[in-house]
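Those sequence lines, one after another, are chains S and X.
Numbered by numbering that gives the first Met the number 0, the letters in the first sequence go through residues 0 to 304 in order.
Numbered by numbering that gives the first Met the number 0, the letters in the second sequence go through residues 0 to 662 in order.
The hints are simulated quantities; they were obtained by calculation from the structure and are not laboratory data.
Everything numeric in this text was worked out from a predicted model, so none of it was measured.
Note that CB positions come from ideal geometry on N, CA and C, so glycine has one too.
Check before you lean on any hint, since a few could be wrong.
If we take Cβ atoms under 8 Å as the criterion, some of the chain S residues that face chain X in the derived model are [to be verified]:
(1) ILE15
(2) HIS213
(3) ALA215
(4) HIS262
(5) VAL263
(6) PRO265
(7) VAL301
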Amino acid sequence: MPNFHVERLLEAASQIILGKGHELRLAFACLIAHGHLLIEDVPGVGKTTLAHTLAQLTGLQLQRIQFTSDLLPADILGASIFDRDTGTFRFHPGPVFAQVVLADEINRATPKTQSALLEAMEERQITADGHSFELPEPFFVIATQNPTHQIGTFALPESQLDRFLLRIRLGYPDPMAERALLMGEDRRSVLERRTPVIGPAELVELQRAAQALHVADRLIDYVQALLSATRHDAELAAGLSPRAGLGLLAAARAWALIDGRDHVLPEDVQTLFPHVAAHRLHLAGDARPVPAATLARLIQSVALP
Amino acid sequence: MIGGWLKQRATRRRSASAGSALGRRQGAWLLGAAALTMAPHASWLPPWISGLCAALLAWRGLLLWHGRQAPSPWLLLALTAAAAAGVRAEFGHFFGKDPGVALLALLLGLKLLEIRAARDVRAAVMLCFFLQLAIFFEDQSFPVAALALCASLLGLAALVAQADPNGRSGEHLRVAGTLMAQGLPFMLILFVLFPRIDGPLWGLPADAFSARTGLSESMSPGSISALSQSGEIAFRASFAGEIPARRQRYWRGPVLTRFDGRNWQAEPAQEAAVPFHAADGKRIDYTLTLEAHGKRWLLALDFPGATGAALRHTGDFQLLAPRPVRSRVRHELSAHPEAVVGLAETAATLAAARRLPAGFNPRTQALAARLAAGAESHEQILQRAVSHLRNAGLLYTLRPPLLGRDSVDEFLFDSRRGFCEHFASAFTVLMRAAGVPARVVTGYQGGEINPVDGNLVVRQLDAHAWSEVWLGGRGWVRVDPTYLAAPRRIDDGLAAALPAGEALPFTLRAQHDWLRNMRLRWEALSNTWNQRVLGYNPERQRELLSRLGLAPGDAWRLAGMLAAATGVPFLCLILWAGRRRRRSDPLDRAWQALSTKLAARGLARQPWEGPHDYTQRVASAIPELAAAVRAIGVDYASLRYGPHSDSARLAALRKKIDVLRLP
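Using the sequences and the hints given, assemble the complete structure.
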């Protein structure tokens, strides 16, 4: 019963990350939908803790990479080093060879380094010295980024943003949750004591179940209409790509699975749409990121078929 | 009272703010409609009014383009006053058609500038529609009707754009087109069945009595050659059988007997319902469609047979309409080309046909005396005159020199150049001087067969004049003196008969074959339009209705028929719309029923709202129904979006929605 796993996961996670039930669900949906997650927020709201929580609860091995402006691609992917004993070069895998990679403050690194990670995300393998190296399965990247207007950041190019399935914001906790946070024990130590709720095998099972979830023709029609609305809107510079459409449907399936349903509702699509679209769409003219109000208007402009 | 006033003010302000910015696309539709509406008016409105209207439209377009607001109401008020004063100065008054249309056109331009609210848009569109109607005061031709139709379509699109500001332009036009197409059957039914008004629908007195080109009751040198430059259509004829040869096609107009030395005048002739001649011999049936010329005569092929309609025959074998022809008319006529006419002509008529004014054309008198000397019969004189003229070296030309007092003398002996009226006049005078009764007949000769629809088209340039000579025992005999000098005029038409290098009417020139071809096609189309649409008069309506089994004057049955004929397509449209709705599946209908039911509480489903969100919203608005509505939402969601369809569950869902009662 896959749904049973999800409920236990969510419950355990919400004991660690307080008052962020919706964001946790989105994060799990992203994981289940085989996507990568982008968390955009100011420092200190628990981005890293969220990544740790996801890895810990699913029993996945986590590697954290702190992105800085002098980080090089080899620091992420690994490098071939001459082995004196055998007289050959041997590949030393970098931190990207993990099931969950936390790329902290990804927009502090140079575009060259960013793209090294992003290629690994897309291909789920890396190539070094003419050899391909498979990345572990499941492979899940959580990247955090500071709002781009902060000093010393390189905005991620659109083509690379497209590789993140969802973008979420954590935001400040509400007063109740913040009080509990202040009074309680350090989250990290709570987390370290936590045993995994499910193992990687169960996670893969969840991912398969989500992929197999029924999607009605009408819902496909709806997703198409929504995509088409983004492509014909005068306010937007360009519409959503087919990859974004596939991602939207996969995320909606995962969301329906988390909700315990055997079918996807338009509401699932509507819930996920802002998170799928926000980092991919830009306003025509000044190329600002699309505001939430525009996304809400887009949803309201498309009638259910 | 005060509450009502406040409410009214509030709604007005709301509507004003809602429509304050005339949307760019909507504005484009509206401007397009106004421009198309005004375009045909521009040809008859005073130029300054057309110019001002164009300037107002351009101004509005500029404001629209830059997204700017309407100009100040005070400025517009001043402009309106100035425009009204201008119209007053131009026409002297505000009454009647022309100043009315001018004022409306200006007001439309100003109204476009004044648009602030949604209702202004509607008013402007209605004004456009009215002005489109006014186009037909001036012109009822096919292209103008097509233009008006396009303008109405744009006006409708402006209204559609107002209702749906976010839609695409193509969609606006499509909806407007659909609306128009749905209106089409009603238009046709009302056109066919609604009682027609006698006379031209827009034939206000000023139009029907205005001067027109065409023949007149008198002829002087130059009067017919003036017509020869006009390609305007005089009449059309469609023949039941074979079209007679060109040299047979003499269309009889006014017969001119009285001559004062320069001008030929018609003499009043007696009228009767039956022909004065024995209409026998070969018979040709044809339909004559005569353009309005403001006179009573019809142009009948020689010699007219008996007719059924209220037409009159005259003693000189003309056919007359009961009233002057002020709009296009159609008559079924027959002709007997071989009939012998005027055998028993009265002495008075023959005397009138011999009379010549004294003291004119002495040389012609002398020639006549020579020709008549020793002749045994009038026929012999005729033969001699014909052979004399044939050898006199006369030249047929469109540009004859001006003639002095003794016009016949000068033509026959000096200039020797003339058009058909010179020939006819000279020959008739010659015959009279020789003592043979003769007279001039004017009318049209020939005409052109339009290969597109096979109809004969006769233009003003086919106007002609010939002579008739009375011979004892043979009656009136047609002699065409023009034929003596220019046989090709009669055999091949005007263009062939003129000497090379002479200015021809533009459309007759040989190098413009394609142009002529286009023109022929166009005329065939407009003939169809004239016959089918404009020519649908009360008489033809009665004919049609009686064929449908409706006695004339049976108003009740006609009303019933009208109601039935408009009701049936209306019902069909409703059924079609209903079927379209029914074609959607039962689940959709059940779901729609829930929304319809809840709409009474203002809880209709938004088009984008999913089942879960919607039922959740309803549940929180009406807590009494929360459980039932949530259950309905879950059922619908799993039936609509779930993997399995299940008719039993569908029936259950319909029942649940059916029994739902608003508290």
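Each hint, compared with the structure:
1. ILE15: With a minimum Cβ separation of about 29 Å from chain X (threshold 8 Å), the hint on ILE15 (chain S) is violated.
2. HIS213: holds, 4 Å
3. ALA215: holds, 4 Å
4. HIS262: Since the shortest Cβ distance to chain X is 4 Å, the answer is holds.
5. VAL263: Result: holds, 6 Å to nearest chain X Cβ.
6. PRO265: At 4 Å from the nearest chain X Cβ, PRO265 (chain S) passes the 8 Å test, so the hint holds.
7. VAL301: Given a least distance of 6 Å, the restraint on VAL301 (chain S) holds.
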